[in-house]
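Starting from the structure of chain A, add chain B where the hints point.
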Amino acid sequence: MDKPGITKALTFYRIMAWIVGLLLVILICIGMPLKYLASDPNLNALGAGINLYLGIGHGWLYMLLLISAINLGRRVQWRWVRLLLIALAGTVPFLSFVAEHFATKDVQQKVAALPDKA
Amino acid sequence: MTDTPTGPGHRRRTQALIWTLGLVVAGVMIFLGLWQMSVFRTQGRDALTQRMNLPPVPVASVAGTGGIPHDAYGRPVSASGTYRGPDLLVPSATDPRRCRVVSPLVLGDGTVLPVVRGVSPTCSTPAASGPATEIGVFLPSEAEPARELPPGQLGSVRLPRLAQTWDGAMLPGFVSLDAEHARAHGLEPAEIILPDGAGNARSSGYALQWWIFAAAAVAATVKLSRDAATGSGFMAPGEVLSDRRPVDTPVEE
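Protein chains in written order, with this note's numbering: chain A, 1 to 118; chain B, 1001 to 1253.
So that you can see chain A by itself, here it is in the shape it has in the complex (with noise of 0.2 Å):
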């Protein structure tokens, strides 16, 4: 097992699933509210100018989410139920941060379990 290669998988992983994450809080607990809750037209406006722009990019964002998940998962030899668990997780509100402290804690077992190469 390649521990650098792991330890660089890991942050790519970790990076993607916090943006990913944070979109997903703005688009479902600002942009939406706004959007359809707010009763000034601005506000409504706003709201529909996040939802539109962030949840397009929330789509692509999650395809490399998958992506740095999979790379990572490949590395460390994980089953494909933490996969679905992890992508289901990324379409749920804060559910990517648990996600992401699991796999985070289950990695760095794996890697500390690692003899040092010489």
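Don't read these hints as lab results, they were simulated from the structure.
All the pointers check out, no bait thrown in.
Listing some non-contacts, in silico: residues in chain A with all C-beta distances to chain B over 12 Å:
{"hint": "1", "residue": "I15"}
{"hint": "2", "residue": "I26"}
{"hint": "3", "residue": "I28"}
{"hint": "4", "residue": "L34"}
{"hint": "5", "residue": "K35"}
{"hint": "6", "residue": "Y36"}
{"hint": "7", "residue": "S39"}
{"hint": "8", "residue": "L43"}
{"hint": "9", "residue": "L46"}
{"hint": "10", "residue": "G47"}
{"hint": "11", "residue": "V92"}
{"hint": "12", "residue": "H101"}
Derived pair list, reagent style DSSO-like, types lysine-lysine, alpha-carbon separation capped at 30 Å:
{"hint": "13", "chain 1": "A", "residue 1": "K105", "chain 2": "A", "residue 2": "K3"}
{"hint": "14", "chain 1": "B", "residue 1": "K1223", "chain 2": "A", "residue 2": "K8"}
{"hint": "15", "chain 1": "B", "residue 1": "K1223", "chain 2": "A", "residue 2": "K3"}
{"hint": "16", "chain 1": "A", "residue 1": "K105", "chain 2": "B", "residue 2": "K1223"}
{"hint": "17", "chain 1": "A", "residue 1": "K105", "chain 2": "A", "residue 2": "K8"}
Beta carbons: idealized from backbone N, C-alpha and C, even for Gly.
Same frame as chain A, now just chain B:
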């Protein structure tokens, strides 16, 4: 032949399940992409059509000179003023051999509202003059025509061009008269081309994402099926702790 959880029979069933699920998921994603493409387009056009059938409001209440109109474009407005020539002829949006007749309606405060009074099949019509109260859909300036026309001819209802022809401050839009008012001028009503750009780009973007996800689902199906056949990779029986493997053994072949 015994069928253990790692036996060939079990692996084939797992592969069959993976392919069934993978193809169902990919199929659903392809369908969602197609649905997104069509429904968003239809909904957008329905919303615009519904907007064009709102009751008219005075144009001054939604648009003024020197400001961005608020909630004005695409809705019916009414305007009272006096026609003051000269009229301009612009090719019809649907049939370039016919002409839209554009006339300046000078409102009470002196501002000019360009009015597409209707379409003339012969490109000749009596000039509008005198006071009038008009009702039609308020629209934003059209784009420059694709091809250059001889001097003095207009290819589209382009407000900066109209402003060079007519004196006075101009409202940031023009009115295309409804059927009743166009016929009152002896003209056929001009067809309104619904804007068709950003909404489609957005739904196309979402649709493309669904189709990429569908392709990824097929790729994942192939990968998982292969892993299931060998009992390795993502389909290994259990997560193998890395310290149980030789250090330099690659994870994937």
